[in-house]
Structure formats: C-alpha cells, structure tokens
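One-letter residues, chain by chain:
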Amino acid sequence: MMKTDVGMKNTSETARDTPKAQVRNRHVRMKKVLLYAAFVGPALLFFLTIQIAPFLMGVYYSFTSWNGVSSSIEWVGFDNYVKIFTSDEKFLNSFWFTTRFMLAAVVISNLIGFCFALLLNGPLKSKNVLRTVFFIPNVIGGLLLGFIWQFIFIKGFSSLGNMTGLSFFNQPWLGDEVTAFWGIVIVFAWQISGYMMVIYIAALQGMDRSLIEAAKIDGASPLQMLTNIIIPLILPAFTICFFLTISMAFKIFDLNISLTGGGPFNSTESVAINIYDEAFQNNRYGLGTAKSILFFIVVALFTTFQVMMTKKKEVES
Amino acid sequence: MREKYTKKTFLLEIIGILLAIIFLIPFYFVIINSLKGFSEILLDAAAWPKELLFSNYAKVWDVLNFPKAFMNSLMITVFSIAGIVLISSMAAWKMVRTPGKLSSILFILFVSAMVIPFQAVMIPLMKLGGMLGLMNSIPGIVLMYFGFGVPLSLFLFHGFVKTIPLEIEESAKVDGCTQFGVFWRIVFPLLKPITVTVIILNTLWIWNDYLLPLLVLQDAELRTIPLATSSFFAQYTKQWDMGLAGLVLGIAPVIVFFLFLQKHIIKGIAAGSIK
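Line order of the protein sequences matches chains A and E.
Position 280 (the first sequence) corresponds to 279 in numbering that gives the first Met the number 0; numbering is contiguous.
Position 261 (the second sequence) corresponds to 260 in numbering that gives the first Met the number 0; numbering is contiguous.
These are computed hints drawn from the structure, not numbers from a lab.
Hints may contain errors.
[Stated by the list, open to error] The calculated lysine-lysine pairs, modelled on DSS-like cross-linking and capped at a C-alpha distance of 30 Å, are: (1) Lys126/A to Lys161/E; (2) Lys262/E to Lys124/A; (3) Lys250/A to Lys312/A; (4) Lys312/A to Lys161/E; (5) Lys6/E to Lys250/A; (6) Lys6/E to Lys126/A; (7) Lys6/E to Lys310/A; (8) Lys126/E to Lys82/A; (9) Lys262/E to Lys31/A; (10) Lys266/E to Lys311/A.
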C-alpha cells in the first residue's frame with residue numbers, strides 16, 4: 000500500500016501544474032482499471048460463479064436440512080456432521096474403502112509407471128510404439144473403461160482361465176469383496192500408469208547425464224545408481240505423480256460406477272458415489288453437502304501434506 | 000551419448016513387447032467379441048469369431064443414436080475449449096503484465112481452487128444452475144465448463160507468459176497498437192505451444208467427462224457419448240453382443256484423435272504436468 004502511495008505522489012507531482020493534466024491522469028488510471036477488468040474479468044466471473052459461489056453455498060447448506068425441493072431451509076447447526084460421524088456407517092465404510100483403494104492404487108500405478116519409464120528410457124528400437132501403447136488406456140474415460148473391464152473380468156478372465164489353467168483367472172472376479180477391490184485397482188493402474196510413465200520419462204530425460212556417467216565410471220551397480228542417483232535426481236517428478244494419483248484415486252467415481260456400481264454389498268462404494276447418492280437419490284441435500292465439505296477437507300489435507308512431505312525430501316537431497 | 004544395443008537391450012525389448020501385448024489384450028477381447036453373436040461370446044470369449052457379424056454395429060448405431068451423441072460431445076468440447084482458451088489466456092497475460100497485490104491474490108485464489116473436488120461444488124451448483132437457466136442445455140453446460148476449466152488453464156498460460164520477453168510487446172505498443180491488438184497479434188501467436196497443451200488436456204477431460212453431463216443434461220436428445228453409453232448399458236445389461244459394439248463405437252473417436260495427434264498429446268501431457 001505504502002509503495003503505491005509514494006508512486007502516485009511522484010507521478011502527480013510532475014504533472015501537478017495544470018488541472019488538465021490531472022484530469023488526463025485520472026483518465027489514464029481509469030482506462031487501466033477498465034482494461035484490467037476486460038482481460039481478467041471474464042475468467043474471474045465464470046470461476047467465481049461456477050466454483051466459488053456454489054462452494055460457499057455448500058458450506059452454508061451443510062448446516063441446514065435442505066432437501067432440494069421444499070423452499071423452507073432450516074438451520075440445524077452441526078446436526079448433519081454429528082449424524083455422519085455417529086450413525087452413518089455406510090459413509091464411514093466408503094471413506095475406509097476409498098483410503099485403502101487410494102493407497103493400493105497410488106503405489107501400484109506409480110511402480111508400474113516408473114518401471115515402464117526406466118524400460119523405455121533405454122535404447123529400445125520399439126520405444127515409441129511401446130510408449131503409445133502404454134498410454135492409450137489413458138485417453139479413454141473411466142466410465143467406458145469400467146464397462147470394458149466388466150466384460151474382461153467376467154467373460155475374458157474365465158476363458159483365459161480355461162486356456163491357461165491359472166487359478167488367478169478362475170476366481171469370482173468382481174463377485175466378492177476382495178476381487179472387486181483388486182479389480183478396481185487393476186483397471187485404475189491400467190489406465191493411469193501410462194500417464195505416470197510419460198511424466199517419469201520426461202524427468203529421466205531431463206537428468207544431468209554427466210552425473211550418471213561419473214557414477215558408472217566409479218563402478219556403481221545398477222541398483223545403487225537407481226537409489227542413490229536417479230531417484231533423488233527426479234524427486235520432483237515423484238511429487239507430481241503422487242499428487243496426481245492421490246487426487247485421482249481419492250475422487251474416483253466414473254470407473255467405480257461402471258465397473259462394480261459400488262457392489263458387492265456396497266463394499267466398493269467410493270466417497271464420491273456415496274455423496275452423489277445421498278444428494279441425488281435420497282434427496283438429502285443438506286446431509287450431502289456436509290459430506291462433500293468433509294470430503295473437500297480430507298482431499299485438501301491429503302494433497303497438501305503429501306506435497307509438503309516430498310518437497311521437504313527434495314530440499315534435503 | 001547413444002548407448003550400445005547389447006544382448007541385454009534385446010532382452011528388455013522382448014519384455015517390453017510382451018508387456019505391450021498384455022496391455023492390449025482387453026482391446027482384443029472387446030473388438031473380436033463385438034463381432035460375434037451372443038451365444039458365441041458365451042461359448043468362448045477368447046476365440047476368433049466364426050464369421051464377422053457387423054449387424055451388432057448397425058443395431059447399436061441406431062439405439063445409441065450415435066451421430067447425435069457424437070455431435071453433442073463434439074459441440075460441447077469445442078465450444079468449451081474455445082472459451083476456456085480465450086478467457087484464461089487473456090486473464091493470465093494481463094495478470095503477469097500487471098504485477099501487484101491484486102494480481103497475486105487472484106492468482107493464489109485461482110490456483111488453490113484446484114484442490115476443490117467437483118463433489119464439493121456439484122450439489123449447490125445444480126440449484127444455482129437452475130436459477131441461472133443453465134440446466135438441460137448445451138450452452139449452459141459449456142458455460143459451466145468455462146468456470147471449471149479456468150484454474151488449470153490459467154495456471155499454465157501464466158507460467159508461459161512469464162517466459163515471453165517484454166520488449167516485443169513494447170515495440171508494438173510504440174507502433175500504436177492497442178492492448179487488444181498487442182494481445183491478439185503479438186502475444187497470442189507466441190502462446191501457441193502452451194495453447195496446444197491446454198487444448199489437449201481439456202479435450203481429454205471434457206470429452207470423457209461423465210458426472211457433470213449426467214447432472215446437467217436430462218434430455219435424451221442432449222446426451223453425450225458417455226451418457227448415451229451408460230444409459231444404453233443400463234438398458235441392455237449383460238447383452239454383451241450389443242454392449243461391446245457400443246463400447247467400440249464409444250471409444251473409437253477418442254482413440255482416433257489420440258493416434259493422429261499422439262506426439263503432441265504425449266508432449267503436451269508431460270509439459271502440462273511438470274509445470
């Protein structure tokens with residue numbers, strides 16, 4: 000504030016002499032403000048109307064008994080939040096499922112993505128084709144992927160089981176809690192690991208080659224190179240990839256709906272599905288918004304905590 | 000710098016190709032079975048079809064109302080992206096070129112909104128959308144995508160504008176160009192690499208998006224490809240002959256888009272995530 004005041008004094012001092020100049024100065028300032036509004040305004044307007052306003056409305060509604068239909072919206076204080084923690088076992092189960100799913104999905108898809116990246120960073124002749132192949136599932140939306148894999152798990156796996164005799168394929172895929180859980184993890188990893196691979200490849204190619212050459216000359220084993228040189232050098236890529244996979248896995252909806260529909264017996268119902276059902280199937284909008292606000296808090300905490308952790312590591316190394 | 004092609008590399012090459020085949024098996028299953036009759040699918044899903052039945056596709060084409068769904072998806076994607084690119088590039092440029100408190104506060108606001116999950120916005124948004132007349136209409140959903148698309152796109156443009164030297168713009172200003180002239184004739188063409196990234200990231204998101212269209216577009220006439228496919232699946236549960244042909248139709252456009260532009264897409268995705 001101080002700085003701008005001083006700046007203004009200086010400019011007005013030089014042009015103080017005539018009232019005409021003062022008018023012109025005001026005119027210039029006015030024009031600057033208008034131009035700023037013309038350029039930034041549209042983006043800000045849409046952003047505030049579509050994201051910020053509903054978000055703030057949601058905070059308010061989470062303290063009400065709004066049902067989406069009746070015009071009277073009653074203030075109920077923390078009732079919705081209390082209800083969620085004390086009597087909504089289904090919601091807590093969905094949180095537990097989503098957390099377990101996120102942990103499994105993040106580890107597996109990053110592991111596969113990173114291994115693919117190491118593989119394709121070598122002098123393979125087919126690397127461009129392979130990169131394309133591994134990336135393809137990522138361009139298909141989660142909804143269609145879920146339907147595709149429903150068929151693979153139910154029909155495809157059973158015929159692969161007949162062909163190979165492997166018991167892995169002969170399980171009741173999607174039919175019980177365990178296979179449904181791992182089913183979603185498998186499809187998620189199939190979709191996302193190509194994406195992670197692309198980011199890891201970009202990081203590997205941006206590495207300082209001289210460090211690797213030096214380590215080679217010093218006789219470092221491939222494993223030593225990996226853990227002592229390569230991984231520390233590309234830690235920023237890990238930050239990005241973990242951030243992306245955590246938030247994608249935590250918000251899973253489309254894939255979940257089309258692959259298992261939350262079943263069997265709600266065992267694979269994600270938080271996003273639970274919120275959707277609460278609001279748009281049960282018409283309990285107040286309760287639904289309270290859940291969505293909790294969901295927001297958890298997502299925000301998870302992602303900032305993770306970014307802080309890996310950033311700290313980056314500084315240390 | 001090129002590493003030598005040794006026996007070990009050859010072995011790795013074989014492993015890579017095997018992995019790629021495993022990765023592609025789901026597509027093999029879906030495509031061959033979409034050309035079979037229902038009983039043949041039940042008999043053995045892995046076998047090659049005895050004869051290629053294209054009649055599944057003909058039936059599904061009509062049931063899905065595929066041309067309509069395709070056009071709806073296309074219009075929504077194209078208009079949303081045109082708007083997102085326009086408003087976020089303009090805002091990003093002006094914010095970088097007007098350093099100060101206001102610009103930095105706005106920037107932090109835009110960026111921090113990226114952690115808000117859609118679920119935390121969607122319920123009141125439906126009420127607000129109803130009040131503003133945005134529901135059940137393609138222009139309405141396009142305007143909503145403007146709002147959701149701005150933060151990431153603005154963030155990417157913002158980072159890129161900072162790398163453009165100021166001198167170019169200043170010489171244009173001296174030549175008597177207006178602000179809009181400077182932006183359109185000088186700055187916007189320079190933004191092309193990041194514009195490509197923004198277009199690609201938003202295309203993949205909007206084309207494949209399911210939840211927002213599900214909430215906003217109720218008319219069967221307005222269905223996008225994901226919506227048409229999911230209501231089709233609800234109707235024909237476990238009728239895999241029809242279902243798989245529908246899935247192949249549903250994923251074909253985006254796969255074609257990807258294969259044509261794969262170099263740009265992979266580069267754009269990498270650039271977009273690293274920033």
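query = Which numbered conditions among the earlier hints are violated in the structure presented, ordered from lowest to highest?
reply = 1, 5, 7 and 9
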